[in-house]
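Residue-level listing of the chains:
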Amino acid sequence: MESVLRVASEQITSEILDGEVMIVNLETGSYYSMTGPGTEIWQCLQLGSAPEQILGVLSENYSVSAEQIEASLKKILDQLLEEKLIKDSEHPQGSADLDQVRHGATNKIFSEPTLNKYTDMQELLLLDPIHDVDEAGWPLAKDNSDN
Amino acid sequence: MISPDTLLVDKPDISPEEYFDHHQSIFLKVCESSASTEKKYYRLGPFCLEFIFPNAHLVSRVTPAFAHLEITTPGKVDLSIGFWDSASTFEKLSPPPWNRAQGGFISFHGGAYYHKYNSVSGCLYSFNAKHNTACFWIGNYKNIPYYESGAPILSILNWWLKDTAYQLVHGGALGQASGGVLLIGRGGSGKSTTCASALRSELFYAGDDYSLVKTDGEPRAYGIFNSAKIRPDMLQHFDHLKGALFNSEKIPEEKPLYFLYPHFKERLIKEFPLKAIFIPQVTNTPQTSIEPASPADTLRALAPSTIFQLSGLGKEILFKTTRLVQSLPCYFLKLGNRPEEVPDKIAAFLQGTLS
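Chains as they are written, first to last, in our numbering: chain Z, 1 to 147; chain B, 1001 to 1355.
Note that these hints are calculated values from the structure, not bench results. Check the hints yourself; a few may be wrong.
Unchecked claim - Computed list of lysine-lysine pairs in DSSO-like fashion (alpha-carbon distance at most 30 Å, straight line):
1. Lys1270/B with Lys1242/B
2. Lys1162/B with Lys84/Z
3. Lys84/Z with Lys1011/B
4. Lys75/Z with Lys108/Z
5. Lys117/Z with Lys87/Z
6. Lys1242/B with Lys1265/B
7. Lys1250/B with Lys1265/B
8. Lys75/Z with Lys1315/B
9. Lys1255/B with Lys1142/B
10. Lys1040/B with Lys1029/B
11. Lys1092/B with Lys1011/B
12. Lys1142/B with Lys1011/B
13. Lys1334/B with Lys1162/B
14. Lys87/Z with Lys1011/B
15. Lys1250/B with Lys1040/B
16. Lys1162/B with Lys1040/B
17. Lys1029/B with Lys1076/B
18. Lys84/Z with Lys1040/B
19. Lys1029/B with Lys1130/B
20. Lys1275/B with Lys1142/B
21. Lys1162/B with Lys1270/B
22. Lys74/Z with Lys1315/B
23. Lys117/Z with Lys1334/B
24. Lys1011/B with Lys1315/B
25. Lys87/Z with Lys1270/B
26. Lys1242/B with Lys1255/B
27. Lys117/Z with Lys1011/B
28. Lys87/Z with Lys1162/B
29. Lys1142/B with Lys117/Z
30. Lys1162/B with Lys1315/B
31. Lys1270/B with Lys1334/B
Unchecked claim - Per label pair, the in silico range of CB-to-CB distance:
32. Asp134/Z with Pro1329/B: 47 to 53 Å
33. Glu1340/B with Glu135/Z: 26 to 32 Å
34. Pro1046/B with Lys75/Z: 32 to 38 Å
Quantities reported herein were computed from a predicted structural model and do not represent experimental measurements. Quick reminder that beta carbons are idealized off the backbone N, C-alpha and C, glycines included.
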């Protein structure tokens, strides 16, 4: 039984639009984007895939050396793991239907997948307004303490 | 200072459903013992909303934002909301056992039952998705902050619309009966100033900060709140709004808040088909210009700010905002330094006469 990589949790949500994937971490407020091969890598991860399977898909989609793809793939997977957007899963490998990610157009130019990170929404989640609780247990905001 | 995490309960002895029943039963008890319970009805797009108040105290703090949508002969009610406070009713409410905390919000969700407490405003929102009923509570009606009066019950509306094609979005809307635009982007991007400028133009106003949109079929925008907020440094451009100012005594501590109904009722529009999405951007150029934006640019400007402003149902919001962006052309609205000229530019765009 080999482990696979998959989207880390229910708190990670994503949509693909116009070839670009937007990934939102609902817990931290960070959001991310990837294009080109990055979008295809994300599609594989949504299905739950081992790195070798993703490498196989990208090798079919792009006519560049497996070594070049492997180096790029390792780099982006490390970033996704570091951002806690994906995780190792104990589930058995093998059944992911990756055909939907294979486009077979090997003449497409392979560009280094890049994870763009945006943190401008984090301030909305960094509020820490609870200064006390009243005798009933209601949290009291600093400027609202007579509730 | 207390971390929200310390308030969380691993195994609460009451379920979200039971807490909703508890909250609603107290609200109903308060109404039964009141001689002045009041009901109001509003038409929001295809929906009918019912607001119930056990007394008048919250009416003047919640209903001005919806006044342009009020109807006297309701049909089938789609969402019923009870509004009450403890100070004026002398009835207490115990807090729910929180199971989630994020930012200033502490929540207690499960199944079809949602509860969220905004620890900044002191407002508790409870919603029962099985029966489309909701309760709003605050400790003391006098403490409702101005921004809650300007855009009340966002959380309840967001939960209620979950399984529909409709979505609340963080964006303003301007247009005419034949079509209009959605203006999106985070605070400070020029949405509110652009929308307020339209009150002196041929465009009509549907909202400056939040709008309801229909995200399938032909996209439409619906005005929810007739409120408008203006940055204090832009006030000199908006002398004509003075009569509609709600919180004049609390400026500059509070951002100026206006209710455009009834003062500008002829400039308000309830709905229109959407023709485009605009991303306003403040520039230092004299002229306003309109330039194409990619769908991805637009989704980045719309989805995260909507998700984190509404603080809940992020997956559903991302899905619906993606569908909306896919179906409309998108543009940057590069704002020149004469806000009064911007609506004319948008109107020319809508009429296809933009040079």
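**Message:** Check the hint pairing lysine 1255/B with lysine 1142/B against an upper bound of 30 Å on the C-alpha distance.
**Reply:** holds, 18 Å
**Asked** Given the hinted pair lysine 117/Z and lysine 87/Z, is their alpha-carbon gap at most 30 Å?
**Response** holds, 18 Å
**Distance restraint between lysine 84/Z and lysine 1040/B, which requires alpha-carbon spacing of 30 Å or less** = violated, 47 Å
**Prompt:** Do the alpha carbons of lysine 1011/B and lysine 1315/B lie within 30 Å of each other, as the hint requires?
**Reply:** OK: lysine 1011/B and lysine 1315/B at ~26 Å, within 30 Å.
**Prompt:** Hey, lysine 87/Z versus lysine 1011/B, does the alpha-carbon distance stay inside 30 Å?
**Reply:** holds, 27 Å
**Asked** Is lysine 84/Z close enough to lysine 1011/B, meaning Cα to Cα at most 30 Å?
**Response** holds, 27 Å
**Request:** Quickly compare the C-alpha distance for lysine 1270/B and lysine 1242/B to 30 Å and report which way the hint goes.
**Result:** holds, 23 Å
**Request:** Would you check the hint for lysine 75/Z and lysine 1315/B, treating anything up to 30 Å between C-alpha atoms as holding?
**Result:** holds, 27 Å
**Prompt:** Hey, lysine 117/Z versus lysine 1334/B, does the alpha-carbon distance stay inside 30 Å?
**Reply:** Holds, at about 24 Å.
**Message:** What's the verdict on lysine 1162/B and lysine 84/Z, does the C-alpha distance respect the 30 Å limit or exceed it?
**Reply:** It holds: about 27 Å lies between the C-alpha atoms, which stays within 30 Å.
**Message:** Hinted pair, alpha-carbon criterion (30 Å max): lysine 1029/B, lysine 1130/B. Please report holds or violated.
**Reply:** holds, 21 Å
**Asked** Holds or violated: lysine 1092/B with lysine 1011/B, Cα cutoff 30 Å?
**Response** holds, 24 Å
In summary, the numbered hints that this structure violates are 12, 13, 18, 20, 25, 27, 29, 33, 34.
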